[in-house]
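Undergrad: Here is what each chain is made of, one letter per residue.
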Amino acid sequence: MDREQLDLESARVMFLRVSDAMVASKDLLTELDRAIGDSDHGIGMARGFEAVRRELERPPFGSVGALLHCIGTALLRSMGGASGAVFGTLFRGGGARLHDERALTSAALARFLEDGLEAVQARGGARTGDKTMVDALEPAARAARARAGEPLARALPAVAEAARLGVERTRDLVARMGKARTLGERALGHVDPGAASVHLILRAMAEFVSA
Amino acid sequence: MDREQLDLESARVMFLRVSDAMVASKDLLTELDRAIGDSDHGIGMARGFEAVRRELERPPFGSVGALLHCIGTALLRSMGGASGAVFGTLFRGGGARLHDERALTSAALARFLEDGLEAVQARGGARTGDKTMVDALEPAARAARARAGEPLARALPAVAEAARLGVERTRDLVARMGKARTLGERALGHVDPGAASVHLILRAMAEFVSA
Amino acid sequence: MNRIFNDPDLVVEDMLRGWLQVHSDLVAAAENRRVVRHVRAPIAGKVGVVTGGGSGHEPAFLGYVGDGLVDAVAVGEIFSSPTAKSFFDAFKAADAGKGVACLYGNYAGDNMNVKMAMKMAEKEGIRVRTVVANDDVPSAPRSDREKRRGVAGEILMWKVGGARAAMGGSLDEVITAAQKAIDSCRSIGIGLSACTIPAVGKPNFEIKDGEMEVGIGHHGEPGIKVVKTTSANAMADLMLETVLPDLPFEAGMEVAVLLSGLGATPIMELYILQARVAEILASRGIQISRHFVGNYFTSLDMMGVTLTVMKLDDELKACLAYPCRSVGMTVEG
Amino acid sequence: MNRIFNDPDLVVEDMLRGWLQVHSDLVAAAENRRVVRHVRAPIAGKVGVVTGGGSGHEPAFLGYVGDGLVDAVAVGEIFSSPTAKSFFDAFKAADAGKGVACLYGNYAGDNMNVKMAMKMAEKEGIRVRTVVANDDVPSAPRSDREKRRGVAGEILMWKVGGARAAMGGSLDEVITAAQKAIDSCRSIGIGLSACTIPAVGKPNFEIKDGEMEVGIGHHGEPGIKVVKTTSANAMADLMLETVLPDLPFEAGMEVAVLLSGLGATPIMELYILQARVAEILASRGIQISRHFVGNYFTSLDMMGVTLTVMKLDDELKACLAYPCRSVGMTVEG
Ligand SMILES: Nc1ncnc2c1ncn2[C@@H]1O[C@H](COP(=O)(O)OP(=O)(O)O)[C@@H](O)[C@H]1O
Ligand SMILES: Nc1ncnc2c1ncn2[C@@H]1O[C@H](COP(=O)(O)OP(=O)(O)O)[C@@H](O)[C@H]1O
Ligand SMILES: [Mg+2]
Ligand SMILES: [Mg+2]
Ligand SMILES: [Mg+2]
Ligand SMILES: [Mg+2]
Numbered sequence: 127m128d129r130e131q132l133d134l135e136s137a138r139v140m141f142l143r144v145s146d147a148m149v150a151s152k153d154l155l156t157e158l159d160r161a162i163g164d165s166d167h168g169i170g171m172a173r174g175f176e177a178v179r180r181e182l183e184r185p186p187f188g189s190v191g192a193l194l195h196c197i198g199t200a201l202l203r204s205m206g207g208a209s210g211a212v213f214g215t216l217f218r219g220g221g222a223r224l225h226d227e228r229a230l231t232s233a234a235l236a237r238f239l240e241d242g243l244e245a246v247q248a249r250g251g252a253r254t255g256d257k258t259m260v261d262a263l264e265p266a267a268r269a270a271r272a273r274a275g276e277p278l279a280r281a282l283p284a285v286a287e288a289a290r291l292g293v294e295r296t297r298d299l300v301a302r303m304g305k306a307r308t309l310g311e312r313a314l315g316h317v318d319p320g321a322a323s324v325h326l327i328l329r330a331m332a333e334f335v336s337a
Numbered sequence: 127m128d129r130e131q132l133d134l135e136s137a138r139v140m141f142l143r144v145s146d147a148m149v150a151s152k153d154l155l156t157e158l159d160r161a162i163g164d165s166d167h168g169i170g171m172a173r174g175f176e177a178v179r180r181e182l183e184r185p186p187f188g189s190v191g192a193l194l195h196c197i198g199t200a201l202l203r204s205m206g207g208a209s210g211a212v213f214g215t216l217f218r219g220g221g222a223r224l225h226d227e228r229a230l231t232s233a234a235l236a237r238f239l240e241d242g243l244e245a246v247q248a249r250g251g252a253r254t255g256d257k258t259m260v261d262a263l264e265p266a267a268r269a270a271r272a273r274a275g276e277p278l279a280r281a282l283p284a285v286a287e288a289a290r291l292g293v294e295r296t297r298d299l300v301a302r303m304g305k306a307r308t309l310g311e312r313a314l315g316h317v318d319p320g321a322a323s324v325h326l327i328l329r330a331m332a333e334f335v336s337a
Numbered sequence: 002m003n004r005i006f007n008d009p010d011l012v013v014e015d016m017l018r019g020w021l022q023v024h025s026d027l028v029a030a031a032e033n034r035r036v037v038r039h040v041r042a043p044i045a046g047k048v049g050v051v052t053g054g055g056s057g058h059e060p061a062f063l064g065y066v067g068d069g070l071v072d073a074v075a076v077g078e079i080f081s082s083p084t085a086k087s088f089f090d091a092f093k094a095a096d097a098g099k100g101v102a103c104l105y106g107n108y109a110g111d112n113m114n115v116k117m118a119m120k121m122a123e124k125e126g127i128r129v130r131t132v133v134a135n136d137d138v139p140s141a142p143r144s145d146r147e148k149r150r151g152v153a154g155e156i157l158m159w160k161v162g163g164a165r166a167a168m169g170g171s172l173d174e175v176i177t178a179a180q181k182a183i184d185s186c187r188s189i190g191i192g193l194s195a196c197t198i199p200a201v202g203k204p205n206f207e208i209k210d211g212e213m214e215v216g217i218g219h220h221g222e223p224g225i226k227v228v229k230t231t232s233a234n235a236m237a238d239l240m241l242e243t244v245l246p247d248l249p250f251e252a253g254m255e256v257a258v259l260l261s262g263l264g265a266t267p268i269m270e271l272y273i274l275q276a277r278v279a280e281i282l283a284s285r286g287i288q289i290s291r292h293f294v295g296n297y298f299t300s301l302d303m304m305g306v307t308l309t310v311m312k313l314d315d316e317l318k319a320c321l322a323y324p325c326r327s328v329g330m331t332v333e334g
Numbered sequence: 002m003n004r005i006f007n008d009p010d011l012v013v014e015d016m017l018r019g020w021l022q023v024h025s026d027l028v029a030a031a032e033n034r035r036v037v038r039h040v041r042a043p044i045a046g047k048v049g050v051v052t053g054g055g056s057g058h059e060p061a062f063l064g065y066v067g068d069g070l071v072d073a074v075a076v077g078e079i080f081s082s083p084t085a086k087s088f089f090d091a092f093k094a095a096d097a098g099k100g101v102a103c104l105y106g107n108y109a110g111d112n113m114n115v116k117m118a119m120k121m122a123e124k125e126g127i128r129v130r131t132v133v134a135n136d137d138v139p140s141a142p143r144s145d146r147e148k149r150r151g152v153a154g155e156i157l158m159w160k161v162g163g164a165r166a167a168m169g170g171s172l173d174e175v176i177t178a179a180q181k182a183i184d185s186c187r188s189i190g191i192g193l194s195a196c197t198i199p200a201v202g203k204p205n206f207e208i209k210d211g212e213m214e215v216g217i218g219h220h221g222e223p224g225i226k227v228v229k230t231t232s233a234n235a236m237a238d239l240m241l242e243t244v245l246p247d248l249p250f251e252a253g254m255e256v257a258v259l260l261s262g263l264g265a266t267p268i269m270e271l272y273i274l275q276a277r278v279a280e281i282l283a284s285r286g287i288q289i290s291r292h293f294v295g296n297y298f299t300s301l302d303m304m305g306v307t308l309t310v311m312k313l314d315d316e317l318k319a320c321l322a323y324p325c326r327s328v329g330m331t332v333e334g
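As they're listed, the protein sequences go chains A, B, C and D.
Its first residue numbered 127, the first sequence is counted upward by one per residue in my numbering.
Its first residue numbered 127, the second sequence is counted upward by one per residue in my numbering.
Its first residue numbered 2, the third sequence is counted upward by one per residue in my numbering.
Its first residue numbered 2, the fourth sequence is counted upward by one per residue in my numbering.
What the hints contain is simulated information worked out from the structure, not anything from laboratory work.
Computed from a predicted structure; not experimentally measured.
Just so you know, even glycine gets a beta-carbon here, dropped at the ideal spot from N, CA and C.
Check before you lean on any hint, since a few could be wrong.
Lysine to aspartate or glutamate pairs mimicking EDC-like chemistry, simulated, CA-CA at most 20 Å apart [stated by the list, open to error]:
1) D:Lys-203 - C:Asp-210
2) C:Lys-229 - D:Asp-8
3) A:Lys-152 - C:Asp-8
4) C:Lys-226 - C:Asp-247
Short derived list, chain D residues pointing at chain B, Cβ under 7 Å [as the list claims (entries may be wrong)]:
5) Thr-84
6) Pro-142
7) Arg-143
8) Ser-144
Residues of chain D clear of chain B, computed beta-carbon distances all greater than 12 Å [claimed, not checked]:
9) Asn-3
10) Glu-78
11) Arg-128
12) Ser-140
13) Val-201
14) Val-228
15) Ile-281
Given only the sequences and the hints, what does the whole structure look like? Please build it.
TA: Next comes the structure, spelled out in structure tokens:
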């Protein structure tokens, strides 16, 4: 089934599945943060998306923007840490200009990711190549823009794939931000945990629309 | 050479060799205390006999009693712990009635060990079978009394052997004193470190007179 | 991992329950359970002093709430910055109308969450100014000081800022004093073993037997180098070699020294180290006029130590001497 | 073993150097370097309070020298009783003519060395009376109370004896109060990991991953049983089950609770445990009127905890509330 777009109710259910996926990724993400950070990323993301799940159980949402804002707020309020600020900002900033959208289209997806990226960068100052989640988010946003005219079910897998490649590229980066910075070359060979989270979120979205 | 007795200077040199032996037994005794105590017995004995060595470097001593008192005082002042009190008392109490003796005879040895035993028991209340150094000292004192008429060089090896057998018997005892008490049956199979020290002291004395 | 907890995801909640009860004469929970405030906060006529950070560093951060110190802290999960909302609620709990000095450490998460909290505060008309601690020398070169982490120097920053506020200082005065305090501090840590987050269940990183991580951070962030373990004296020398030239500390100066265990270090060993630190400083003509030795800022069950040296002037000395009372630090009047 | 020391045989010397320097406002060395005394000891008109014990338990014993507490301590090697001479010199350092209360723990070495020291004191006309702490429930059955070890209850004994002395009590009054204090205390420890003496270089005993030693002593003496590790709540329950019936503690009583880490236990975890202890006591109608939570009596780098519950009456309450100032414990006036 090649879904063109998702209505609000389907988008809500999709993010419930995303939440399940992120909660289930707790150990994986913790392991990644253990390698080059302080081992709390998976714990934080799991806590954050458990809060998201609770929030999403109370529909309806009036717009894509409202849905994303609700997700971002749940993350912000529950997570803390660098990733609470960053992922909260991704969703809240990404939804800011989608308060008139009644469906999640590929164009809306592109706006979500682009605006989210901009908000994240404004918040934390990370640029491409700093070995942060920006290294997955930026190529994902670009891929989404390139496929903004395609059906969502075709665009999302490509966007997720772009994020995945971005994650892989972080292996070759030395961190210029966050707890991994002082690792220097010891960070080489390890992917950035926040980048991995961006990919996992997009992959769960892609799986939902392709299912 | 079957020495009948030791003059004061020889006795002094013998206790210097005893001190060397005890300092060299540091790790062994620590291991024994590690099994059923708090791992400090070898450290304490080594510290004590280093102090003895320093004291014995300043002759002359006027009597066997003075020599033993000097050793006991050095142990008391430097060691601390249960064994500082016990071994200090062994030597000081053991020398109390030897202040007229100008030579270490087998009879003097018997009095040293008997009076020492009595002083130790008065000090700490341990009885035979409590799994303490008393379990080596008591048979040693008995053996010394039995051989009080023999030449010292014949008596001492037998006395040391009696102590060794006493040490071995502590393997089958449950402690009723000291840090090993709460071990209960877990102390079985392990010898008492303080008993081992008694044997090591007597063995070093025996080796000196037999050399 | 043999440790003491119930649900590993609820260690902070469970700790707070015990803490609030034991120290009910000193602190209370705010409406937001992740904010611990002075029992009397907001204290009328006084600038509010706020800090916050991840848990697992006890007695930091919440242990420094008290008289003449911090008015409210935002409490994060283990090793995770508190949420923006918690920082904001801590501002509210501390603000008596004279503004809030938010004195915190330089970590990505704290920076972002404090910034967001300040936006919320602005909307409600609460004036907040910040000082960001960056005393950890090994975490960035001197030319990049603004990238350095905040470590145990934060405590001296709180002490000075807290005293300035208790003396009746304005927000600007408190901020200026706290900024001077942290600018006068240089710190370095040495890690001797890793720490384990209960919810993770295995060590966060690895320190081999016979090796130590020089320049380690409070979450196990790697430092300058991994070297073979050395004597306490050589450790002290190594730490001072890094710390002293950085300010630099020079003959004739007066300093405060804070030597903190990282959680599992026997107190005895801190004093062994301190004996050498004092010897070296004396030999360089640097006078220690205040010592703090103990577990002031820890990292769960990490074995290791941080050394902080703070250059003093009359104002800083007066602020350090000013009475305070808290779980983490008490200075008598 | 990654630890902080120089010559492993000189750890006590090196520590004392650091300690005496850092706390020179409070303590000083006596002529015998293994005696640490209050700066003003002997304090005129006051009964001298003395304790002593092996090192490695910091802040015990020397950390309790201070105002309203202990006047002099005899300092032993790691886990070894001080010498008789050191106890005697501590008596001399503390005696202002009103006699000396020697309040120490029930260990073979301490018993013998104190006894010898008392003989020396008698010769010099110093009056010494003793109280021997035996608060550790698991170390012997109730019928053999005199065989029980002294553990963290010693601190409350010093607090009460120290207060009574500071209030101007006679030697007999100080002894009576200290005896009542320790008779009102019941303690138990749980060990989660072994400790390592630097000069030995390997753990003193073994605690397996996933197991804990219930009833452990301050030197790793084994307790009642080795069981699988449990939740913090179950640990608290286990400890209270042993401690409460022994006195027994009953509904309507007022108590003080002291929860001490054994050296490597994160502070956070002590409060997690404390939350449960308080809950259980409340549910049994027992009222906690004073809490002490922290590293009060440690065993080098051991992971674990001891719980002490003390039954209070008006006299004991007044003594606990009496101001004191020391490295280990400060109660404000
Ligand atoms: N300034 C920043 N901008 C964007 N992402 C960041 C920034 N700082 C950190 N991150 C992301 O946060 C992730 C770490 O998250 P987390 O472990 O939860 O936080 P913390 O570093 O506080 O422990 C990193 O992997 C990185 O992707
Ligand atoms: N009451 C006692 N009488 C005789 N010997 C004793 C007594 N208590 C302990 N000991 C001896 O002391 C030895 C332990 O010495 P040590 O390890 O130095 O003392 P501690 O028990 O103080 O650590 C025991 O092995 C035992 O032989
Ligand atoms: Mg992290
Ligand atoms: Mg021993
Ligand atoms: Mg973190
Ligand atoms: Mg001992």
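Undergrad: Taking 7 Å as the limit, does the beta-carbon of Pro-142 of chain D come near enough to a beta-carbon in chain B?
TA: It is violated, given that the least Cβ distance between Pro-142 of chain D and chain B is near 11 Å, above 7 Å.
Undergrad: Do the numbers back the hint for Thr-84 of chain D, that is, is its least Cβ distance to chain B under 7 Å?
TA: Holds, because the Cβ-Cβ distance from Thr-84 of chain D to chain B comes to roughly 4 Å (cut-off 7 Å).
Undergrad: With 12 Å as the threshold, tell me whether Asn-3 of chain D passes as away from chain B on beta-carbon distances.
TA: 18 Å, holds
Undergrad: Would Ile-281 of chain D pass as off the interface with chain B, using Cβ distances and a cut of 12 Å?
TA: 26 Å, holds
Undergrad: Can you confirm whether the C-alpha distance between Lys-229 of chain C and Asp-8 of chain D stays at or below 20 Å?
TA: 17 Å, holds
Undergrad: Holds or violated: is the Cβ of Arg-143 of chain D closer than 7 Å to a Cβ in chain B?
TA: Since the shortest Cβ distance to chain B is 15 Å, the answer is violated.
Undergrad: Over 12 Å to the closest beta carbon of chain B is the bar; see if Glu-78 of chain D clears it.
TA: Given that some Cβ of chain B is not farther than 12 Å from that of Glu-78 of chain D, nearest at about 6 Å, it is violated.
Undergrad: Please check whether Ser-144 of chain D passes as an interface residue: C-beta within 7 Å of a C-beta belonging to chain B.
TA: Since chain B brings no Cβ nearer than about 15 Å to Ser-144 of chain D, farther than 7 Å, the hint is violated.
Undergrad: Hint check: Lys-203 of chain D vs Asp-210 of chain C, CA-CA at most 20 Å. Holds or violated?
TA: This hinted pair holds, its Cα atoms lying about 12 Å apart.
Undergrad: For the pair we were handed, Lys-226 of chain C and Asp-247 of chain C, check the Cα-Cα distance against 20 Å.
TA: Measuring from Cα to Cα gives roughly 17 Å; hence the hint holds.
Undergrad: Taking 12 Å as the cut and beta carbons as the points, is Val-201 of chain D off the interface with chain B?
TA: 5 Å, violated
Undergrad: Say whether it holds or is violated: Arg-128 of chain D keeps its Cβ farther than 12 Å from all Cβ of chain B.
TA: 22 Å, holds
Of the numbered hints stated above, those contradicted by the structure are hints 6, 7, 8, 10, 12 and 13, listed in ascending order.
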